[in-house]
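**Q** Knowing the structure of chain Z, use the given hints to seat chains P and G on it.
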Amino acid sequence: MSPDTSDRDPITNQSLSLLLLISALLMVASLGWALYDEFYGLRPWKAYEQEFAVKYSAFLEKQKPKQEAAEKAIKTSPGYQALQAQADALQKSVEPQLRQLDEQAALVDQRLAVITLKYTDAHAHVTDMVWRIEHNSGSSKKSWQSDLTEFEKGPFKYQAVSLSDGRVNAESVDYEHLEDDFKALQAEKGELLVRKGDVLRPVSELRAKLQSYFKEHMDGLTATQIQGLIEKTRSMDIAIKQINLPDAGIIDRCESCHLGIREPLTITAKDMGGERAFVSHPDPDLLKIHDPDKFGCTPCHNGNGMQLDSVKQAHGEYEHWLAPLYHGSGLKGVSPGAYMEAGCQQCHASDMIVDHAPVLSAGKDLFQWRGCVGCHRFQKYDTAPEDLTAAAQTLDQNAKQRAQDLTDAAKANAAGDRAPDNATARKDYAQAEDLRLAVTKIDLETDQINRRVKFLQMDRKKVGPDLKEVRAKLRPEWIPVWLKNPHAFRPTTRMPRFRLDEDELPAVAAFIWQSGLDVKAPSQAPGDPAKGKVSFESRGCMACHAVGEGANAVGGWFGANLSRVGEKENYDYLVRWIHNPRERSAPYCPVEKRDLTAADYAKHNLPYVFDLDHSKCPNDGAELVVEQMTPMPNLRLSWEESRDIASYLMTLKEKDPSSYPAAPYLNDPKLKAQGREIVQRYGCAGCHEIAGLEDETRIGTELTAEGSKPLEQMDFALYIRQAKDDGWWTPKGFFEHKLTRPEMYDDGMLKAEGEELKMPDFFEPQNGDITKKWTPKDLPLESQQQIAELTTFLMGSVSPRYPSKYFHLPAGQQKDIQDGWWVVKKYNCMGCHQFTLDQSSVLMTLPQYQTPDGKGQLPPRLVTEGARVNPDWLARFLANPALSDNDTDRDGVRSYLKVRMPTFYFSPIEVRKLVRFFQALSAQPLPYIPQKLEPLSTEEIAMARALFTSKGAPCLKCHAVGLPAHDQYASAPNFLLAQDRLKPDWVTHWILDPALIDPGTAMPSGLFKQSDGHWVFNGPTPPIFKGYEGDQASLVMRYLFELTPSEQQKLIQMTGAGMSAVPAKSTSGLRREPASQASLSGMRRSAGR
Amino acid sequence: MAEHGNGADGSSGNGSERPEKGKGLGVLVQDLREEAKVLREKAKEDLQNLKKPEKTQLYKSMFRVKHDESERSRALGVLTNVFFHLHPAKVNRDSVRYSYTWGMGGISFYLFIVLTFTGILLMFYYHPTKVQAYRDIIYLMSDVPFGKLLRNMHRWAAHLMVITVWLHMFRVFLTGSYKKPREFNWCVGVVLLVFTLLLSFTGYLLPDDQLGFWAVTVGTNMARATPGLGAEGPLGPQLGMNAYNDIHFALLGGSIVDANALLRAYIWHCIAIPTILLILLVVHFWRVRKDGGISGPAPVQLESEIKPERKF
Amino acid sequence: MDWKQLWDIISTPDNIPIAAIAVFVPFYSWLALRQARANDRLIAQLEADPQLAKTHHRKTQPWKPGWLKEVHTWPYLMRIEFLAALIVTVILTVWSITLNAPLEELSNPNLTMNPAKAPWYFLGLQEMLVYFDPWLAGVVFPTLIIVGLMVIPYIDANPLGSGYYTLKQRKWAIVTFGFGFIVLWILMVFIGTFLRGPGWVLFPLGKTWDPTYQPYAVNRDLPDLFHITSMTGKSIFGFVVVALYFLVMGLALHKLITRKGLNRKIYERMSLIQYATMQFFLISMVALPIKILIRLLFNIKYVWITPWFNV
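Residue numbers (my numbering), protein chains in the order written: chain Z, 40 to 1128; chain P, 2 to 313; chain G, 5 to 315.
The hints are simulated quantities; they were obtained by calculation from the structure and are not laboratory data.
The beta-carbon is built from N, C-alpha and C at its ideal position, and this holds for glycine as well.
Restraint ranges, calculated between C-beta atoms of paired labels, are given here:
{"no.": "1", "chain 1": "Z", "residue 1": "756", "chain 2": "G", "residue 2": "7", "range": "20 to 26 Å"}
{"no.": "2", "chain 1": "P", "residue 1": "229", "chain 2": "G", "residue 2": "236", "range": "21 to 27 Å"}
{"no.": "3", "chain 1": "G", "residue 1": "54", "chain 2": "P", "residue 2": "73", "range": "37 to 43 Å"}
{"no.": "4", "chain 1": "P", "residue 1": "41", "chain 2": "G", "residue 2": "68", "range": "50 to 56 Å"}
{"no.": "5", "chain 1": "G", "residue 1": "208", "chain 2": "Z", "residue 2": "333", "range": "55 to 61 Å"}
{"no.": "6", "chain 1": "G", "residue 1": "251", "chain 2": "P", "residue 2": "229", "range": "26 to 32 Å"}
{"no.": "7", "chain 1": "P", "residue 1": "57", "chain 2": "G", "residue 2": "55", "range": "57 to 63 Å"}
{"no.": "8", "chain 1": "Z", "residue 1": "964", "chain 2": "P", "residue 2": "136", "range": "44 to 50 Å"}
{"no.": "9", "chain 1": "G", "residue 1": "68", "chain 2": "P", "residue 2": "73", "range": "21 to 27 Å"}
{"no.": "10", "chain 1": "P", "residue 1": "229", "chain 2": "G", "residue 2": "272", "range": "36 to 42 Å"}
{"no.": "11", "chain 1": "P", "residue 1": "229", "chain 2": "Z", "residue 2": "439", "range": "55 to 61 Å"}
{"no.": "12", "chain 1": "G", "residue 1": "279", "chain 2": "Z", "residue 2": "68", "range": "53 to 59 Å"}
{"no.": "13", "chain 1": "Z", "residue 1": "740", "chain 2": "G", "residue 2": "208", "range": "32 to 38 Å"}
{"no.": "14", "chain 1": "Z", "residue 1": "89", "chain 2": "G", "residue 2": "16", "range": "32 to 38 Å"}
Derived lysine-lysine pairs resembling BS3-like cross-links, with alpha carbons at most 30 Å apart:
{"no.": "15", "chain 1": "Z", "residue 1": "811", "chain 2": "G", "residue 2": "8"}
{"no.": "16", "chain 1": "G", "residue 1": "259", "chain 2": "P", "residue 2": "308"}
{"no.": "17", "chain 1": "G", "residue 1": "211", "chain 2": "Z", "residue 2": "763"}
{"no.": "18", "chain 1": "Z", "residue 1": "709", "chain 2": "Z", "residue 2": "559"}
{"no.": "19", "chain 1": "Z", "residue 1": "655", "chain 2": "Z", "residue 2": "642"}
{"no.": "20", "chain 1": "Z", "residue 1": "351", "chain 2": "Z", "residue 2": "280"}
{"no.": "21", "chain 1": "Z", "residue 1": "748", "chain 2": "G", "residue 2": "8"}
So that you can see chain Z by itself, here it is in the shape it has in the complex:
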């Protein structure tokens, strides 16, 4: 720009070109930037795909040699070689045949080639003419016809090879022959092919064998497959990989970056140079069930499947995406993938156990076991109370209706009597009749409902003990100590710590003490602690209960840890409890809403008896609560044994009960009202039975869809800002912290008395210092795990976002299995039994069951129970495991076991569920139709006896026979049970190879061996068997199913001396070796004896 001299006009002379240039350049630059942003800045996945292509093909290249080696190894392995040789040999042998066939075929082809030409041409000509003939008439028709005949005469000349001698010679035929020849040749050709096929078949079969052999020996991909992958990867085009499911509104592009997910081999981050985005799916089996093309990714994992312009966006980890990616938790001892399992819950809400999702399943259990259900409603959890109230209402209505009808009927009758004429009278009487009919109908319905109510009450369990019994059960001065902080007294307890202050605590204690029934358990003589200890450790108590604190706790987790039970319990009550935990001090009438007393029964001069058989209220006929609502079963122990165990338990204490400070205020009536108010506020009645609070409803919010509650509605109180800054302003964060220290959301808030958050503390910090604020990190490991499990469960519990067809609604046997799990978990059956191979029972882990003899004492594994037992028998057994009403101090099946199948007093509903569960678990059809067995002929019976009593088959050594002297050493059930109990098919399989069905069983394998088509006894067969052609295994089976007590007596007599007491060692000796040898050695031993 020129200087603004006095006479030059600054405006006309000023030049903007520089400015224009600059801004033009800027413009271009910004457009360039826009372009870059469009193609790369906003498309980070492109970089990912390129990187993947490089790294993955490199990885594959690395794999190739390995696989090639493996391949080579197999191809050179003798097995393969043999087959190979076989195949080649066969091939060679058929070669000449083939060659000859081929030559023949060649000739035919040559000839056919020539003929075909001629024929097709002629044929075309003929058809043309035929058409003309058909579509003409009169003279032209005729002329055409004559032409045709002319033409068909031919002659058709050609040179062709003759099939007989391969020489070429001229031939001349008419149309007819031409046609025939042509057809014949074609037939010939086909025929030849077939023959060739026949010759080759055996060869190709062998080759197929070779293939399959290779397949089953080769693990992973073959080199060629890998090569294919490499090509695929190299030629992969850089584009968005998308799954689109319009019906569910799913558009998932996750695979645009996570390219390895569906690859057929396992890819770790390490393989891909540490890029975690490229790993293959950690659980391919899971992926098989949930084909991404049908389910997409986000339904399970959450996140913003459509977004691709940044990781944060794609994972939905920003304020405005309501379903952020389910992420591994920051908690210790929790698998990084843990929270991913939350994704399963939405569709698998109705499954109690979700395969591939251990954490979620654990969460589902915890929700029940920890007692969350006590305060929080959750669909499908503990529905008994609601069902009961519903039933009560219908009953109430029915009663009203009934009364109404009766009065109406009476009125109608009266009217009929006073009727002026017969017609009206008849009408009135008819009406009366109808009403009475209605009444009977109502009565029937009422009975049904009552039955149902009874069952519901049988199945209804509370998480905590019945507090009506406190006066009979507890030492009063212990109560306040417990209430102050249960964890201090019993670290592993389920009872949470309610933050009761100085004046609340005594009030609560007083209320509980005073609201208890004024009853006493019958006083008991002291027992023998030493014997008691033995019983406690052998009877199976430890499947649920542990003794010892912390690391040196031994026993189950399901029930209370009994280490300090001696400090709190009343001996007499404890005896009664052990003898039958379900026994109640007084029945409760839900209609009158009070506990009945002897007086009530006396009024109707009834004996003061109440149990499952006498469960009607004498006053109003309502179904009473006659059992304690505890899952603890009745072990059917004698009073004496109960006393022993009780007195053993009373010895378990850290300090003497008398050292507890006295609590006189417990009897202060002034405190009661206040205490009641507090107890109601904290919803204690959710877990405990408390006199006067039986009908309390849950105090907490329903959690069925808690996972989809908007963050804004979650009460972070004063922590919002901190949560946002520290990155836990998410449902996950909320749950984790809430579970860790529920009162944290009261921090710094001024709240009126009773306004504070009610949720009690379930977990305590590692250092046990509850005066300071603690965070999830401060908790002991297992607590953190439990929190992670519950959080997973809660996060997953969302209101359905997808069409119902995506949900898993188990039906048929699947449903039976899931229903069964609810019951199994409810009563902790897994404490003693094994249901699936991967699951182990508590007892299996206890020291006393590690020795060989101990192993022999383990309760039966139920992996194949459904296939083994007759469902009808199972139902009977579950209802009454003693299989006898008078002699109950025994085990119906395995009287030889110390550990005992207790009586759970299942309702028919639950029995049915369990039976179906077992049948479904081993895929058995229901209903069960027992197969007809042909009766044994007399000589067959004789043979069977001979076999059973032969030295070679000492069946009766181990199997109980009902002789106490012998049975104390028995280690197998009595044969007499087989008839009702077992399924013939199973028995056959069992006696053939027990180890196959139940590895490590005492029953020796290899008792029978295959000999021309059927099984014969594998050992010195008794002479009588000479010339017997039948299957000896099935003979034995059928004999078992015909066995009668008298027959058994015969056997015993025949065995005679052999029946002398055999030390249990011998049986356990069999058990020591693996099943296979066990059989043989077993044979030898028995033979030697």
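**A** The following block gives chains P and G in isolation, referenced to the frame of chain Z:
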């Protein structure tokens, strides 16, 4: 055999015809030479003409006047161009200084053009329905080529336009440019301002996200309180207004912000208001010209020179 | 001082325009003021020296005889326009690349946003909602503002200062407009953006916004202070008060206007209608801050209560 034959025929034929053929060829070549000369001349000529493109027919047809430095053609350049002739041929020498006008009016207009352009492109990808609206935006941002840029530009241009319009008004007031004879144009300007705000506001709802939804809810709830016309406004109920017949309902096509509201917002935003705005713009520009172009910088007047008589 | 939150507010893409205003308005005010000053100096000089006034070209821009009084639009104006368009485009493009237009979750009538803020350019009105009933803040005021703006040319009887920046010659007009535009409009936008937290609670600048905070304030109505209970009483009382306000304020403004020199002259040039209209709008405008003040200082909600409307 056959090949040989051919070969012989060919050679002999050639041999016999060479002389005449040669003569004919010579003639042909000469003609061609002359042709070429002429062509070369023409080419020279065209090259010459190409040196000054404004002489070409194409150019003339487009611009109708030649663009030399001359007074006349400079004036014509503006007057004969449909876009440029919004301007006068000449302007106040000082008004081209940025300091006076701040260029806010022009920038506002430019932004309006940008908004129309981007807006139309956006309309291709958008359905004003509850089901699709939100998805369309996500789709637009993640899939559509330059979709994100498009959306951002539209929104930011809108915000910027609000600012520039405000500043334009501010400037016009400070320079007293609304004074006689420009009173009316000022009024038009005020209406334009209002419509600019409305345009931006109606656009707020279209993505159908929380932000827009609540902004519009808050905004339209005020309409409830319109005196006489709103269900909650003074005298509204007395005049029989309720939630289902008042102005708020009329605005939203319902008692709450929902599908209908979305559709209405869409139509107001994309059709109605832009049309009105455009018409008013035309008037605005027209009046600027008719009222004597840009108001200044004008020579200052002196208090001492105020004519005493009132104009009424 | 909660810098993080402050930063969050400023860096919210939708608030960028506000940041822009914060720059633009002061800058352009300054630009205008500078030119006004220059002009005023020139005016003073010319007023003092009539001789010079006759010859001078009366602009602060340089002028030499022989220079064109008018220049051709093409290229002198066009090129500038083109430049402006270029620059704006660049700014827009860069802005659009770097900042994403906000998109929140799908609209959900059951989940209220807190605070639910109107678009930034309406925050002024939303702010008014705190002090006035919706029908006033949401309907009457906007209308008044629009009408008020439109009548400006017709009530401004000042012949001076048309087409050039000046302060001296139009002090009154500029001060009023500046008050309306900068204080009552721009400032409110800023308050609404930076000081209004969850629940539309007024937080001091940089104080952490706490959604649980609900300040306690008893808002009384003016009549209550005088123990007027009956509705009619309240209505009449309120009317009287408002009327009084108009009277007093009117008189005050009148004194102010007619006090001295130029304003006096302008006043004389005005017709009664013009003057009345001006008075009305001025008084109404001044009423806003006054109402705000009495609310903030004395917690007075309504002044005038009637069965149909409250003011």
